[in-house]
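**Q** In the order they appear, the protein sequences are chains A and B.
Residue numbers 1 to 942, in the numbering used here, belong to the letters of the first sequence in order.
Residue numbers 1 to 247, in the numbering used here, belong to the letters of the second sequence in order.
Calculated directly from the structure, the hints in this document are not laboratory data.
Treat each hint with caution, since some may be false.
[Stated by the list, open to error] Computed, partial: chain A to chain B, Cβ under 10 Å:
(1) 64
(2) 190
(3) 221
(4) 377
(5) 671
[To be verified] Some chain B residues flagged as far from chain A (calculated, every beta-carbon gap over 12 Å):
(6) 22
(7) 74
(8) 191
(9) 197
(10) 202
(11) 236
[Stated by the list, open to error] Quick look at which bits of chain B chain A covers, simulated, 3 or more residues with Cβ under 8 Å:
(12) 11-21
(13) 76-84
(14) 145-152
(15) 205-217
Source: prediction; values computed, not measured.
For every residue, glycine included, the Cβ atom is placed at its ideal position computed from N, Cα and C.
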Amino acid sequence: MTQQQPRINTSPKVSDEVRKTTCYMCACRCGINVHMKDGKVAYIEGNRDHPVNKGVLCAKGSAGIMQVNAPSRLRAPLKRVGPRGSGQFEEISWDEALEMATGWLEPIRNEAPEKLAFFTGRDQSQSFTSFWAQNFGTPNYAAHGGFCSVNMAAAGIYTMGGAFWEFGQPDWDHTKLFMIFGVAEDHDSNPIKMGIGKIKARGAKVIGVNPIRSGYNAVADDWVGITPGTDGLFILALVHELLRAGKIDLDYLARYTNAPVLVNRDSKSPEYGLFLRDDDGKPLVVDRNTGKLTAFDTPGVKPDLHATHRHAGITHRPVMHLLASRYLDKKYAPDTVADQCGIKPEKIKAIAAEIARVAFEEEIVLEREWTDFRGEKHSVMKGRPVSFHSMRGISAHSNGFQTCRALHVLQILLGSVEVPGGFRFKPPYPKPVSAHPTPHCKVTPDMPLDGPHLGFVRGPEDLALKDDGTPIRIDKAFTWENPMSSHGMMHMVISNAHAGDPYKIDTLFMYMANMSWNSSMNTSGVIEMLTDKDEDGEYKIPHIIYSDAYSSEMVAYADLILPDTTYLERHDCISLLDRPICEADAAADAIRWPVIEPDRDVRGFQTVLVQLANKMKLPGFTNEDGSAKFEDYADYITNHERKPGIGPLAGWRLGKNGLTHGRGAPNGSQIQSYIANGGFFVKHIPQEASYMKPWNMDYQNWAVEMGIFDSPQPYVFDLYVETMRHFQLAAEGHGEHQPPDHLRERIKSTMDPLPIWYPPIEDTHVDLEEYPVHALTQRPMAMYHSWGSQNAWLRQIHGHNPLYLPTKLWEMHSFGEGDWARVSSVHGEITIPVAHMAALNENTVWTWNAIGKRKGAWALKEDAPEATKGFLLNHLIHELLPPKGDGLRWSNSDPITGQAAWFDLRVKIEKVDAPAESQPEMPPIQSPVGTGPDELTWKVGQ
Amino acid sequence: MTALPEHTQKKLGLVIDLDTCVGCHACVISCKGWNTENYGAPLSDQDPYGEPSGTFLNRVHSYEVQPEEGAAQLIHFPKSCLHCEDAPCVTVCPTGASYKRVEDGIVLVNESDCIGCGLCAWACPYGARELDQAEGVMKKCTLCVDRIYNENLPEEDREPACVRTCPAGARHFGDLGDPDSDVSQLVAERGGMDLMPEQGTKPVNKYLPPRPKDQMDQIDVLAPFLEPVAEETKGFLGWLDKTLEKL
């Protein structure tokens, strides 16, 4: 046949229009170009100008089109007509829905606001939802941080004024060694992939520490297949090696940390372990120039890391001494910890040597002048190009807070935080504890709460306790059981409300939180709690209101459903007051706007909250004349001021001489300005302010100008966290705020002001001979933080989730392809399909989280693999640890922050005959939206 | 039987970096999105909310490698049409629907001539073609022929959707027939490889192999461990004092 090429059109029209907004397929918040044809979404790609993703987009982002056309989308408000859990609803009008909601909420507010528990899950509008809850007056508000990664966030704030991800990032352009701990394939999504790409293109090295070698760990040059829950021990062994070799940055430690601060070392003193302070309360150091006691921030001081000081008969030693004597101890030596960590001692030593080599022999110097907070001028910015990133893997253990602290301390000892090549903060961070609020919980009927719910305790006096010592909050956050629970404890709300402990509530109001499925420990137990009735035949949790865009498993357990829009049909703001999207070199915020109008009777949840607030005339939402301040969420975004001149969005505010950024009056056209700019605002940090931010006065002054702070907030890093010592002192019997006796020993042993490692608490409650195997979950990259796996394209990538077994266990139990196993914990058992994976810690099994779906949910058919072979490990995990004979039930969480200890799980495995479906098999729920179509041939522009 | 051109003016193709691909499937879905909306029939999905099976032009597979010594490794392996120089899928086509373009070497299917016989998919040793069940025509990677020359797109966007979206920068696009092109240089630098060269298909796409892994497990090749300055606190504090004096 002769060559006859068809003529094809290589320049077809791509779209009628491109609308630029912000993705919400996960928590990453990338900029997207939504290509429109005939008023419909035709194609979604990344926005090249956007500070987060710079044009790239992950699988979830590109699959957004399938989220908008998902058959699982709710259509109208729903009122439950069958028993809870049946899925029987009738559609009602919004007027009726809002009337029903305020019918429950108004009496609560007038009589006992704490009887509303308002918890928002994957909420990206927490500064708004918390403002609503504060004005309602309930103390019971939080989002999902308590069961996600509060250990990382709180440890970072308490140690250095910020943590990873939203708080900061590696200096991708300069780092020469990048070490990643406990990061599955997520948090955050595109920036880490872009960063790894940059590092690899330069030939720099990546070390992955994770029991599972998938995703980022698969491309790491070196893999450390650590035993789950031992990261802290491994990190402290690295600290041991570095200290022993003197490979720490003494100049950095003396200038920018509390290593030189003097600590009371008299064990009989009521101030044992506290800092020596001057009359202004400033921590004191010895000045190496003069040998005299001096406030740490005095101009010209040269803080001494070595000298001790005797004062009023009491010896005071610098933190550096305490640190050295703690970590030089042989118990942190690589040879001691190797077996427990599952890492050869030579490898630990080799990694320590490599870190030291890169930090101290490959120093980076940027020729940029800067002035520190003591007034000293520096001619260069000196960097140690070792950087770290870490997330849930080390966080979601009962020793997670101290482990995260250890990692932050390691970076600081190297002098690699906020320096070129190291870890860099993103505005509004760095932000020390002193610039954060304390928790607020004073309830007055018919009045707002006395301040923001969540915050950072400074000592026992800040706990959320009544005079009789009982918890004020339904989740028991900020109590002696978990004093530093800065993100609340959403995972305890339902069990506490069901038990009426510490009190009964009337209404549970939740948003985007799948608590009757993958977002709860003990899923079957939670379902029972949600449907359990008291002697009068009434539900123990009397009213449940739930908002979601989709027919998730939780919908069936609510009495009233407020259907949300998708992210392409709504206004949102990604605010500097909230969870920012800034870069290390820039402050940035963004909006979402309705690039399409919903084709059904749904409303954006935040607008519904405004409407509820208006009906109840909540104070912050009501003018003095009784009229409503805001019509909807867009109106709030534009016109709300948190304090004069500071609103949800920093860009295009009104200044005295026209448009300005940062501080300024509300601008009625602000959202239009954002749309015209591609949906975001970005303000770059001047070069001389871009590193050394906590101490750099150019940065501090820039932050004040931008409205991030009202005055400069320079500070030094807290290697030693004095707040924790205050709690220990209380447990030792000092002070007026005293813990209950049964908690004293635990507080003394866990709240150490210098990082420690202790075994995951479940290990001390279960028989490790019987349950020898660690069990973990990860979210896949193509689904991390995305709301549901019903997406027609994404579920073709991850529609199955076998339990992956390492070679040792695979062979020990003679498993073969297609086999099934019974997996049991001390709490429950599941029977599920297994698969072999060699690149895995030899005592660890794992699966993809939240693939398993309940029959009837998400508009999936009953034969969907997610519903027949998919499964949740949640059935094996309880919110309480098994009894250990002391008459108490200890919570399965970190004793410091209350973070849910998902990854402490221990199991045993047996080979069994394959059942027809994964066990436990939950009965189907009736779908309020039916099921999806039999075929998709999606083409908008036909 | 359909003839291949004797010579193509360019050899456009992809270079995929297996050292950097994190296996995120971003390329898979951006490809699905673009090619559903653009060239030819949409990429359909059967039983999309039950037991789904759909048409994809690009899929990412993961393979484990267990070396004799040391830890197992996981390689993410994106796979799409390799636009072979000796493309058996073209020569096997009974209608001339499958063809290789003279100007750039892209292998395409002219859907109006495709009878859905499936011979080309059978002939392709890479499994890179998928018969769309709804339309009954063969679908394959077009190298986004409707993007790379598209004057309605900004110049910087005239590259395949999978390349534009790849977050890790593991995908590169260019003329592999030009030894001076960026992609050819990259292939030369990194030892880029053909997939299954023994098949004789002369694929245009190249794969960059993963760099050697787990060097730290080979302790003897490493620099020496850290020299201690002290073993105990007292000695450390002495070292500290001396060192501070020098600062």
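**Q** Hint compliance check: list the failing hint numbers for this structure, sorted ascending.
**A** 4, 5, 6, 7, 11, 13
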